[in-house]
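Asks: Below are the chains, spelled out letter by letter.
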Amino acid sequence: AQKVTQAQTEISVVEKEDVTLDCVYETRDTTYYLFWYKQPPSGELVFLIRRNSFDEQNEISGRYSWNFQKSTSSFNFTITASQVVDSAVYFCALRGRGSTLGRLYFGRGTQLTVWP
Amino acid sequence: NAGVTQTPKFRILKIGQSMTLQCTQDMNHNYMYWYRQDPGMGLKLIYYSVGAGITDKGEVPNGYNVSRSTTEDFPLRLELAAPSQTSVYFCASSSPGTDSYEQYFGPGTRLTVT
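These protein sequence lines are chains A and B, in that order.
Here the first sequence stands for residues -3 to 112, where the numbers follow the numbering used here.
Here the second sequence stands for residues 98 to 211, where the numbers follow the numbering used here.
It cannot be assumed that every hint is accurate.
Straight-line alpha carbon distances no greater than 25 Å define the calculated DSS-like cross-link-like pairs of lysine-lysine that follow [stated by the list, open to error]:
| hint | chain 1 | residue 1 | chain 2 | residue 2 |
| --- | --- | --- | --- | --- |
| 1 | A | 34 | A | 66 |
| 2 | A | 34 | A | 12 |
| 3 | A | 34 | A | -1 |
| 4 | B | 111 | A | -1 |
| 5 | A | -1 | B | 106 |
| 6 | B | 106 | B | 141 |
| 7 | B | 111 | B | 141 |
| 8 | B | 154 | B | 141 |
| 9 | A | 66 | A | -1 |
| 10 | A | -1 | B | 141 |
| 11 | B | 106 | B | 154 |
| 12 | A | 34 | B | 111 |
Taking CB as the label site, the calculated pair distances span [to be verified]:
| hint | chain 1 | residue 1 | chain 2 | residue 2 | range |
| --- | --- | --- | --- | --- | --- |
| 13 | B | 117 | A | 11 | 42 to 48 Å |
| 14 | A | 76 | B | 167 | 41 to 47 Å |
| 15 | B | 207 | A | 81 | 19 to 25 Å |
Think of the hints as simulated: they come from the structure by calculation, not from any bench.
Beta carbons: idealized from backbone N, C-alpha and C, even for Gly.
Between the sequences and the hints, there should be enough to build the whole structure, so can you do that?
Replies: Here you go:
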């Protein structure tokens, strides 16, 4: 079974604060892929990152960083020095190697609000 | 490349009406998917297709039908619309040529059934 849990439903921070969005996943596959998507108020889904199960290196992209830990089945996302434009719903998603032809399993999402 | 396009962007239906949500991709992707997103929830798979003429059910297929007559198009048909089908619908496509099957999403269709 494939499952993604995003326990934080809503997070509010003030601009320039750092914020971490948690993602915990379950899969029996030894090869799998993890994704983060951003959904701004306009509604579209914006791809942020893909990480495969063999690559546990943390990734940094500007103010965004991702911490992948297989030992705890977590793939957390940190925004440093948050900005109002970061306000959005963020989804973590999983694709196991056995997933039906590439389908993604999504968490429920975390609504991030950044106040000026 | 336009990527994945969806029409309409918004629609209001009365209970019992029917409609077709259109999805087109210009990336020559074999795989296409329909997801629905309910408030406060992640996306759930309705139907998917691995190529023209081949479709299969996902997690929540009841009340929907699909067809795939071409590689580019993957329309989703709602027959006898019900309030439970009020949702945002996303179409996506991916290529089996990449191991990660990265999915490209359309902008979504917001459907309200009253």
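Asks: Now tell me if each hint is right for this structure.
Replies: Okay, the hints, checked on the actual structure:
1. A:34 <-> A:66: Distance of about 23 Å is within 25 Å: holds.
2. A:34 <-> A:12: holds (19 Å)
3. A:34 <-> A:-1: holds (19 Å)
4. B:111 <-> A:-1: Violated. Residue 111 of chain B to residue -1 of chain A sits at ~34 Å, over the 25 Å cutoff.
5. A:-1 <-> B:106: Outside the cut-off at roughly 30 Å; violated.
6. B:106 <-> B:141: Cα-Cα ~19 Å, so holds.
7. B:111 <-> B:141: Holds: residue 111 of chain B and residue 141 of chain B sit about 23 Å apart, inside 25 Å.
8. B:154 <-> B:141: With Cα atoms ~12 Å apart, residue 154 of chain B and residue 141 of chain B stay inside 25 Å; holds.
9. A:66 <-> A:-1: holds (15 Å)
10. A:-1 <-> B:141: With Cα atoms ~12 Å apart, residue -1 of chain A and residue 141 of chain B stay inside 25 Å; holds.
11. B:106 <-> B:154: holds (24 Å)
12. A:34 <-> B:111: Outside the cut-off at roughly 31 Å; violated.
13. B:117 <-> A:11: 42 to 48 Å: holds (44 Å)
14. A:76 <-> B:167: 41 to 47 Å: holds (45 Å)
15. B:207 <-> A:81: 19 to 25 Å: At roughly 22 Å between Cβ atoms, residue 81 of chain A and residue 207 of chain B fall inside 19 to 25 Å, so the hint holds.
Hint violations for this structure: numbers 4, 5, 12, all remaining hints satisfied.
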